[in-house]
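Enquirer: Line by line, the protein sequences are chains F and G.
Residue numbering for the first sequence follows my numbering, starting at 1 and increasing by one per position.
Residue numbering for the second sequence follows my numbering, starting at 1 and increasing by one per position.
Keep in mind that the hints were calculated from the coordinates and are not lab data.
Just so we're clear, the structure is a prediction, and the values are computed from it rather than from any experiment.
Errors might be hidden in some of the hints.
As the list claims (entries may be wrong) - Distance condition first, Cα-Cα at most 20 Å in a straight line; then the derived SDA-like pairs of lysine to any residue:
hint: 1; chain 1: F; residue 1: Lys-30; chain 2: G; residue 2: Ser-62
hint: 2; chain 1: F; residue 1: Lys-295; chain 2: F; residue 2: Gly-398
hint: 3; chain 1: F; residue 1: Lys-596; chain 2: F; residue 2: Leu-584
hint: 4; chain 1: F; residue 1: Lys-507; chain 2: F; residue 2: His-482
hint: 5; chain 1: F; residue 1: Lys-483; chain 2: F; residue 2: Arg-592
hint: 6; chain 1: G; residue 1: Lys-218; chain 2: G; residue 2: Pro-162
hint: 7; chain 1: F; residue 1: Lys-30; chain 2: G; residue 2: Pro-59
hint: 8; chain 1: F; residue 1: Lys-483; chain 2: F; residue 2: Ile-581
hint: 9; chain 1: F; residue 1: Lys-295; chain 2: F; residue 2: Asp-361
hint: 10; chain 1: F; residue 1: Lys-30; chain 2: G; residue 2: Arg-64
hint: 11; chain 1: F; residue 1: Lys-30; chain 2: G; residue 2: Pro-178
hint: 12; chain 1: F; residue 1: Lys-30; chain 2: G; residue 2: Leu-71
hint: 13; chain 1: F; residue 1: Lys-483; chain 2: F; residue 2: Asp-505
hint: 14; chain 1: F; residue 1: Lys-30; chain 2: G; residue 2: Gly-187
hint: 15; chain 1: F; residue 1: Lys-30; chain 2: G; residue 2: Ile-66
hint: 16; chain 1: F; residue 1: Lys-30; chain 2: G; residue 2: Arg-181
hint: 17; chain 1: F; residue 1: Lys-30; chain 2: G; residue 2: Pro-108
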Amino acid sequence: MAAIPDIVEFLQQYPPFTELDPATVEWLGKVVEVEFHPAGEIIFSKGVQPVEFLRVIRSGAVEVVNDGRVLDLMGPGEMFGHASMLSGLPTGFEARAAEDTLTYRIPAEAASQVLAGPRGLRYMTRLLLEDRHHLRSGPSPEVVRDQLREPVRAAIRAAPIICEPGTSVREAASQMTAAGAGALIVDLGATVGIVTDSDLRSRVVAGGLSADSPVSAVMTAPAFTVPGERPGSEVLLDMLDRGFRHFPVTSATGRVIGIVEDVDLVAIESRSSFYLRRAIARASTADELVETSSKLRPAVISMTRGGMTALDVMSVFSVVADALTRRALDLAVAQAGEPPTRFTWLALGSQARREALPSSDLDSAIAWFGDGDDDKQSIRQYFGLIATSATDILVRCGFRPDEHRASASDPLFVRSLSSWQQEARSFLDDPTQAKALVLVSVLVDSRPVWGVETETLIAETFRLAPAYPRFLRLLAQFALSHKPPVGFFRGLAIDVSGEGRSRLDLKSGAVAPITDLARWAGMTAGVTCASTTARLSAGAEHGTLTAADALTLQDAFELVCQLRLDHQVGQLEAGVEPDDIIELGELSPLIRSYLKEAFRAVASVQRRIASDLAWPV
Amino acid sequence: MKRPLILRSPTSPVTAEYARAEVAVGRTPWRDARYCVVDLELSGLDPRSDEIISFAAVPIDSGRVITGDALYGLCRPTRQLPEESTLVHGIRTVDLADAPPLDVAIQPLIAAMTGRVMVAHVAWVERSFLSRALERQGARLREPVIDTYELGQLLAFERQQPIASRALDELARSLRLPVHRQHHALGDALTTAQVFIALATHLDEFTPETVQSLARAKQRAWWHWG
Chain F
1 MAAIPDIVEF LQQYPPFTEL DPATVEWLGK VVEVEFHPAG EIIFSKGVQP
51 VEFLRVIRSG AVEVVNDGRV LDLMGPGEMF GHASMLSGLP TGFEARAAED
101 TLTYRIPAEA ASQVLAGPRG LRYMTRLLLE DRHHLRSGPS PEVVRDQLRE
151 PVRAAIRAAP IICEPGTSVR EAASQMTAAG AGALIVDLGA TVGIVTDSDL
201 RSRVVAGGLS ADSPVSAVMT APAFTVPGER PGSEVLLDML DRGFRHFPVT
251 SATGRVIGIV EDVDLVAIES RSSFYLRRAI ARASTADELV ETSSKLRPAV
301 ISMTRGGMTA LDVMSVFSVV ADALTRRALD LAVAQAGEPP TRFTWLALGS
351 QARREALPSS DLDSAIAWFG DGDDDKQSIR QYFGLIATSA TDILVRCGFR
401 PDEHRASASD PLFVRSLSSW QQEARSFLDD PTQAKALVLV SVLVDSRPVW
451 GVETETLIAE TFRLAPAYPR FLRLLAQFAL SHKPPVGFFR GLAIDVSGEG
501 RSRLDLKSGA VAPITDLARW AGMTAGVTCA STTARLSAGA EHGTLTAADA
551 LTLQDAFELV CQLRLDHQVG QLEAGVEPDD IIELGELSPL IRSYLKEAFR
601 AVASVQRRIA SDLAWPV
Chain G
1 MKRPLILRSP TSPVTAEYAR AEVAVGRTPW RDARYCVVDL ELSGLDPRSD
51 EIISFAAVPI DSGRVITGDA LYGLCRPTRQ LPEESTLVHG IRTVDLADAP
101 PLDVAIQPLI AAMTGRVMVA HVAWVERSFL SRALERQGAR LREPVIDTYE
151 LGQLLAFERQ QPIASRALDE LARSLRLPVH RQHHALGDAL TTAQVFIALA
201 THLDEFTPET VQSLARAKQR AWWHWG
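One chain only, chain G, in its complex shape (with noise of 0.2 Å):
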């Protein structure tokens, strides 16, 4: 698949609210912003190749979140899936039989990431498939995102503790938190979710936090190693 130079107009009404929708901007205290905390399941990791069957989001307002409006679902992929993925996450290439294919399934995840700060674990991976897939819609991915992995580095900086882990299990453990369904995109949302309200309490806690400097996790990683 090219990607395209020129994005085409919003493809549908659902991906022009999201293009348009307001954001957060970057300076506003981090509880005053609205989150969307995304996770997804791959057929693999190369987005140009690779595709999604899976895909969960979970809403953040105030600092808590809203488990209630939690969204989860499948996509059709236009081909076989390779056998190591199912065995990470068990969905087989027949359980999405009946599921719509990615441009009708996407759109109540587009809705529910319209007007909200996008959170993901490791978050390069939500980044460039959702990014294809929103191009394919006539819409960019909106930023700033907010990469949980990067906030944990930070903190253990902050903290003067060993460099986290990139598994998203060990860094919930790390806060003593809950790991929930792994390797299925609900339970990796919710734990990303709750292991994002954590994170960014705590750093609040040295210095108050924003959007932006919460986006901004990975340089001021490094800024301590410097």
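Isolated chain F, as found in the complex (with noise of 0.2 Å):
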């Protein structure tokens, strides 16, 4: 006998039987038992020997219930049980009809034949989080992805050439042109020199130096070097921060084993990152600076269809954040005059993470270097002209400019060093005072952009959090304060008081809960300024976090960023001032189940949290 067909149909719609052949569907419809439960009943209880059926909800709505709170609210479409029938574990809470419901009950043996199978079990957490073709259209980005995820030497494409320092550079331009190479690799004993294309170019064909000179007379030495083992993606950011086009690649023992280029490592659509970062260091007035960022954006969008994840791209785009700011602060001083103490400018919040997008503020501090000068009005005053100009120049610059949060303009942030790392210090000593835990997390977030780098700053004063289990406490408290909405129903978002909103505030509502956990567990381990995924990884060697949970985190991160920078560059290709506010109703039932599954794992991970430190939530 055949399955029903309305049967098949209506799971059809929904994940994860979008997944699966039809023939495969057709054969699951033909076990289905339909089942009617009144609003009120309990389908399943908590803590119940492994249920064995999957249910699949028809009409009406099933809430999950553990302790007596409403976790989340199901409707049309979604799925329970199946944690329990796959893992074989107890439930892990109470589903109860919220209304009269019918569900699609499907026998454990042959929903699990199907959802254990590869296309179909980790759909709930990892595979469609990595799986990003169904989060957008276009072509697939398999390639570019993989490599900026494997180790840089597999991006290694022939051996290097290795000289000696005598070696003469038109022996030397020789062989690089013989082997198509675009740099050599000087041996100078304990290090490596190496010499670049360019370096041939500006140095003798530019510089009028003799075919005959040594390489050493043109190579950059010591060379910065990576080891082989680096992810691509972050070799690809220190080539940003640096400016270099070729590092050589190191073996475990220390050898060059050879050299990566920029365009080994990304797509064609990231590369104009590096000619917008040399066109940014360029140039010369205000009025350039604007019309070279006037290109950010249009490479976002091309970085995006081209296939990058979305954490790449952030890291991208905030290196570019960060070039602008430096050279909006070299034209602000410039314009300025010599400043009256050397300073240093502060990028805070997602860009010191380098986690900004083109909806993000660029949030700013200033520290300088002197004491007791705080009061000085000729100090305040310089520095309230610097902030004040160049803030202008990055607003024009398309930056958002933010009256209601941190800000160089505002004199609470212009303070000399020893008065932000003092305040900093009795935040730890007393974190109760007002709005304590507001300034530390914007504290912790700061790194130095622009001027004095290399001296202990403000973020670092909290390197000695874990010395202040109280002030930790606190902390945590105050991350776990931020709820994601415990579900979707019918096109709104449920809050945890039950309130149902029909927008959805991607920023606050699904990145600061991941953020500010982060945030803590890194800071439990030590980690001052750090990125949300470092912060996490480190709170799990610290044993702050399970691993588990912080990959779940780290999933659940990189699924709402994604989110976000398709929702932006959707508005940027329409000509919009890109936000990160989503409505719902124009979300894919797809996507709305993957952003769904993202919250409810941070939701858990939070009571766990809460529960290990023992705390009511």
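From these two lone chains plus the hints, build me the complex, please.
Expert: The structure is reproduced here in structure tokens:
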């Protein structure tokens, strides 16, 4: 007997059945039994032995309840019971009909054959987070993405050309040409030097140096090398940061095994960010800088459409934002004249974490060097001027001014370094001061982008955090207070209080709960300013988070960032100013279900942490 | 066609088994009984002159619709279908040219109904057409028969709500249940099956329901009137 077509067609609209071939769904359709649960009926209770059925809601609604709290409200097309069914563990929650509900019950035996297969089981978590074609249309970006995630040594195309320091430039050039290489290595014994195409052009051809000169006269030494095990994406960032296009790659023993070029690592599209950075560094007036910055948004579109992941696009975007900030500061200082004392411009927030996107505000602060000058009018005046003119330029470059939050144009954020450090230490001692925890979050996410960069700065003060358990406890509580929506229902995002909204702010509703947790987890491990991903890894290494929870949060973070980026790129293409507000009704059911899975994962990690720390949430 | 007063003995082993099989007794709690939800598409509504052209049966066990065992079939009519009936169900005379005649086509339906309590929406239609079809095979329609339309009326009385419409789709929607392909025997049978388990569950909240009490829904509704 065949399955009833209406049932098969219904299932095919929802994941994971969308992933299965039609014959498999048809086969599942044959084992479907329809159940009716009147409102209030408990479909299964918490802690029962493995449920033997997977259930898909056909109509009505089902609440997921744990210890009397509604964790989620599920609607048509959503599935429950699968976790217990697949894991064989008792149910972790109670499922209760919130309305009169019809469910399709599928026996575990049949369901697990399909869902435990490579296409089914992991749909809930990693597989689809990584499988990005679903999130965007356009060509599949496999190649670029894989290269960036692999160790950089995989990008090496040929053995390096190595020569002695005494080799003539002529000889070196002919070897490079013969091998079609863009650079060669000069063996200096303990270190290596590097000679690139552009060195030959600028120093020999344009610089008037003789072709008979030794390569040691044109090389860069010691060259910055990278270990072959580092992921390509990190090496790419280093290249962007340092402005180099070639890196010698070393083996575990320190031997140079090849040279990677930027073109080996990035798609054609993102190479534009190198040229962009070069153009930014050359801009000699504010107008030129503004003109150059207009290429940043098109670069974001092409990087995204070219298949770079959201995390990589955010890194590149942040590096370019840094470059623009530096140049804006150069121009502001040139205009205002010599500073009365050395100072540092700090990027705050997402830019500091290298997680900025076109919608991000560029929050900033100034720290100057010098004691007891905080009240000196002339100093305040000078830095006020710098802050105003740099911020003006950045706003003209398309960054959002933010009157409500941290910015160097607010006098509160312009202070001497010692005053900043003093304040940071006082937060460690007494985290109950007014706004202490908010300010800590601002100050930990700070990174110098202009001026003095090497000395101990503000964020570093918090390296001492592990010695302040009371501080960390309050910070954890603060981090757990931002809760993601518990779910979506009939086009509304339901928050913990049960209220529904048709719009969702991805930044405050989805990203912030994860970045807050990561900041805390990082600080327990003594990590200060770092990316959310790095903080989570550090938290796991330190034992604050389980490895599984860290991975879950990293996946969820990557997913919500991808949604933000896709949303903003869509807006940029439509000529609309980018923001983080999405209309839930416009999301496809598939994307809605991914997002919901991410929220559920974050909420469950939050609950676990809260219960580890023995707080009621 | 003249109705026989005295039945011949059953004409096929399937029919014989249908006539003989044990069906849940009246006092069986409703969930413990086995049901067969039946829907027919017809050439018209007069059992004396019109014919069954398609049928569907959906079994219910332990209060659950066993969709994988659903049955759907077509019957070749002896006369041209009236145009107005084609307008309702979309089936034309030519579509049925290759279908078996009623007596043959109906065998799987009789097998599906064997040992089960019949459920239908506005059941007098299914009752009268199937009685005739069964009598031609030497068997009587087994009782009781449960009518979801009457169950809907009874629930409306219990809840002191206005009387429900006769239309299956309206009843399903008022219960917030999906409406499947309308005027298609299989779609209507599935909708009816879902309506049945929902109504029986709700009525059971007022007083425990048995096969007998559900079958007497009409009398109970009248009693409410009285």
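Enquirer: A separate judgement is required for each hint: does it hold in the structure or not?
Expert: Going down the list of hints, with the structure as the test:
1. Pair hint Lys-30(F) plus Ser-62(G) holds up; C-alpha atoms about 18 Å apart against a cutoff of 20 Å.
2. Between Lys-295(F) and Gly-398(F) the CA atoms are separated by roughly 11 Å; this keeps the pair inside 20 Å, and the hint holds.
3. A threshold of 20 Å between alpha carbons decides the hint, and for Lys-596(F) with Leu-584(F) the separation of about 11 Å falls inside it, so the pair holds.
4. For a cut-off of 20 Å, the pair hint linking Lys-507(F) to His-482(F) stands: about 12 Å separates their Cα positions.
5. Of the supplied pair hints, the one linking Lys-483(F) and Arg-592(F) holds, its CA atoms being roughly 18 Å apart against a limit of 20 Å.
6. At roughly 16 Å between alpha-carbon atoms, Lys-218(G) and Pro-162(G) fall within 20 Å of each other, so this suggested pair holds.
7. Restraint check for Lys-30(F) and Pro-59(G): satisfied, since their Cα atoms lie roughly 13 Å apart, inside the 20 Å limit.
8. At roughly 17 Å between alpha-carbon atoms, Lys-483(F) and Ile-581(F) fall within 20 Å of each other, so this suggested pair holds.
9. In summary, the hint linking Lys-295(F) to Asp-361(F) is supported, as the alpha carbons are separated by about 18 Å, within the 20 Å threshold.
10. The hinted pair formed by Lys-30(F) and Arg-64(G) meets the criterion: a straight-line CA distance of about 14 Å does not exceed 20 Å.
11. Taking the CA atoms of Lys-30(F) and Pro-178(G), the gap is about 19 Å. The hint holds against a cut of 20 Å.
12. For the suggested pair Lys-30(F) and Leu-71(G), the alpha carbons sit about 12 Å apart, so the restraint of at most 20 Å is met.
13. A distance of roughly 13 Å separates the Cα atoms of Lys-483(F) and Asp-505(F); the hinted pair therefore holds under the 20 Å criterion.
14. Straight-line distance between C-alpha atoms of Lys-30(F) and Gly-187(G) comes to about 15 Å, which keeps the hinted pair within the 20 Å bound.
15. This hinted pair checks out: Lys-30(F) and Ile-66(G) have alpha carbons roughly 9 Å apart, not beyond 20 Å.
16. Of the pairs offered as hints, the one joining Lys-30(F) and Arg-181(G) holds, with about 18 Å between alpha carbons and a cut-off of 20 Å not exceeded.
17. Proposed proximity of Lys-30(F) and Pro-108(G) is supported: the alpha carbons are some 18 Å apart, at most 20 Å.
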